[in-house]
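> Below, each chain spelled out in residue letters.
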Amino acid sequence: MELLKVENVTKKYITKKALENMNMTIEEGKIYGLLGPNGSGKTTLMKMIAGLIQPSSGKIEIMEKKIGKESKQMVSYMPTSNHLPKWMKIEQCIGYYDDYFEDFDREKAKELIDFMGLKENLKVGALSTGMLGRLKLSLVLSRNAKLYVLDEPLNGIDPISREKIMQTILNACQEENTVIISSHLVKELETILDEVIFLEKGNVVLSGNAENFRIEKGMSMDELYREVYKDA
Amino acid sequence: MLKIIKYEWMHRFKFFLAGFVVCILLNIELVRNIINKNQGHQGTILYVGILIALAFAFGIGLGIDHIRRMYKSLFTEEGYFLFTTPLSGYGILGGKLITIILECLGITFLGGILFFIDYKILLNRFPEIEITSEIPAEIVINLFKFFMLILFGYITLLLMIYLAMVLARSIFSAVRYGKLLSFIFFIMIAQVVGKITSYIGKATETVVYVEMYGDAHFPTVTNEYFLLQICIVGALFMITGYLIDRKINI
Numbered sequence: 001m002e003l004l005k006v007e008n009v010t011k012k013y014i015t016k017k018a019l020e021n022m023n024m025t026i027e028e029g030k031i032y033g034l035l036g037p038n039g040s041g042k043t044t045l046m047k048m049i050a051g052l053i054q055p056s057s058g059k060i061e062i063m064e065k066k067i068g069k070e071s072k073q074m075v076s077y078m079p080t081s082n083h084l085p086k087w088m089k090i091e092q093c094i095g096y097y098d099d100y101f102e103d104f105d106r107e108k109a110k111e112l113i114d115f116m117g118l119k120e121n122l123k124v125g126a127l128s129t130g131m132l133g134r135l136k137l138s139l140v141l142s143r144n145a146k147l148y149v150l151d152e153p154l155n156g157i158d159p160i161s162r163e164k165i166m167q168t169i170l171n172a173c174q175e176e177n178t179v180i181i182s183s184h185l186v187k188e189l190e191t192i193l194d195e196v197i198f199l200e201k202g203n204v205v206l207s208g209n210a211e212n213f214r215i216e217k218g219m220s221m222d223e224l225y226r227e228v229y230k231d232a
Numbered sequence: 001m002l003k004i005i006k007y008e009w010m011h012r013f014k015f016f017l018a019g020f021v022v023c024i025l026l027n028i029e030l031v032r033n034i035i036n037k038n039q040g041h042q043g044t045i046l047y048v049g050i051l052i053a054l055a056f057a058f059g060i061g062l063g064i065d066h067i068r069r070m071y072k073s074l075f076t077e078e079g080y081f082l083f084t085t086p087l088s089g090y091g092i093l094g095g096k097l098i099t100i101i102l103e104c105l106g107i108t109f110l111g112g113i114l115f116f117i118d119y120k121i122l123l124n125r126f127p128e129i130e131i132t133s134e135i136p137a138e139i140v141i142n143l144f145k146f147f148m149l150i151l152f153g154y155i156t157l158l159l160m161i162y163l164a165m166v167l168a169r170s171i172f173s174a175v176r177y178g179k180l181l182s183f184i185f186f187i188m189i190a191q192v193v194g195k196i197t198s199y200i201g202k203a204t205e206t207v208v209y210v211e212m213y214g215d216a217h218f219p220t221v222t223n224e225y226f227l228l229q230i231c232i233v234g235a236l237f238m239i240t241g242y243l244i245d246r247k248i249n250i
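Just so you know, the sequences run in chain order A and E. Here the first sequence stands for residues 1 to 232, numbered as in full-length UniProt numbering. Here the second sequence stands for residues 1 to 250, numbered as in full-length UniProt numbering.
These are calculated hints, taken from the structure and not from any lab test. No incorrect hints appear here.
Taking lysine-lysine and the BS3-like style, the derived pairs with C-alpha atoms no more than 27 Å apart in a straight line are:
1) E:K3 - A:K123
2) A:K17 - A:K230
3) A:K146 - A:K30
4) E:K3 - A:K86
5) E:K14 - A:K89
Treat the numbers as computed from the prediction; the structure is a model and nothing was measured.
I would like the entire structure built from these sequences, with the hints used as guidance.
Okay, here's the thing in structure tokens:
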């Protein structure tokens, strides 16, 4: 079933177009890898889905609903940067999410945070990059959302934490959940991706089933990534 | 909206608590000085001066903080959380404004309580300061209206600033020199609001007039002017809320 529809979406900034007449559909129950070099439009698209940015033209719909109050109830977004107040302790962050999102599962959050090796009495401002990444992901995945949008969840994360994060994504998401992950670390993501979407200069250059690409092209996603962007 | 109030205060309660404790301690010292006449008039003047300076500094600090709250939501990554929650733009703006209004009312109320307690304590020592005649209800109502007018004026100022900031992060976000344009817009909005207020004020003949009661002068406000202020606040709120709800680009 179609969950997300991006129709002729363009986003113009002062000096450039971040997205240009982009068309894309996302189906329920799959893990999508949104891949591309810096400036290809991944973050812009994700922010649009989350409702932080408006398209210059075109439309985005989630379960046939325009981006707004209703769609935000269905989307759980994790930005690249830290969006949590630095003065808060982890236990307060759990309360923060619980207060604002009806679908937030407090017990699941505590389990994930424990699994990630974090202590609830730590302040957000005192966390390292890796610990912050693990905290953000724990909170975002503790929502029972229709669509999880994870922008570069592996950025600045050490290899051991990356493994934990990948494991958490796989365990936390049920069959009916949909995940869109963007990353440059294609090798790390490869094992969990169902579908891949390659972006370049604000548009989709290649998309499809990851396994089919492996069989047809006889190469891994990492190799395919290098092939697609060899001239970039 | 209540959640916004909760988290705004969770972060700031220590600041408010410290401010109140310092004011109460200084107030106690002032009253003690007046009663005992320890340091004479100079001591009293000094304490009054410190209290006024502190209240002034606290007020300025609070005003800056009120602006900073919206700035942080619009111009830092902390806003990513708030604007991805299933709250409407009107809800977000309303939550922030209600927090500010409650703070202003709370500070005024506490100030009033302190003043009343001081009056009762000093009454024992100086019975001649007692107010023997009854204060008419009309004076109380007019004082209340005047206070509400100051509050509405402050909220109007804040909304104009918020609108300018929201413009910078919505319609003007993809425009060169968007922030400068927003500042210019702020100046224009302030001019327009000022002109409307002045024009309507003249049309209703009297905007603010002074009544005499015994030897006391009291300012008062016509109901028409009061209604005008409510309409201006309402219009600014709706425009800003709409932009946050539909046009935000952060």
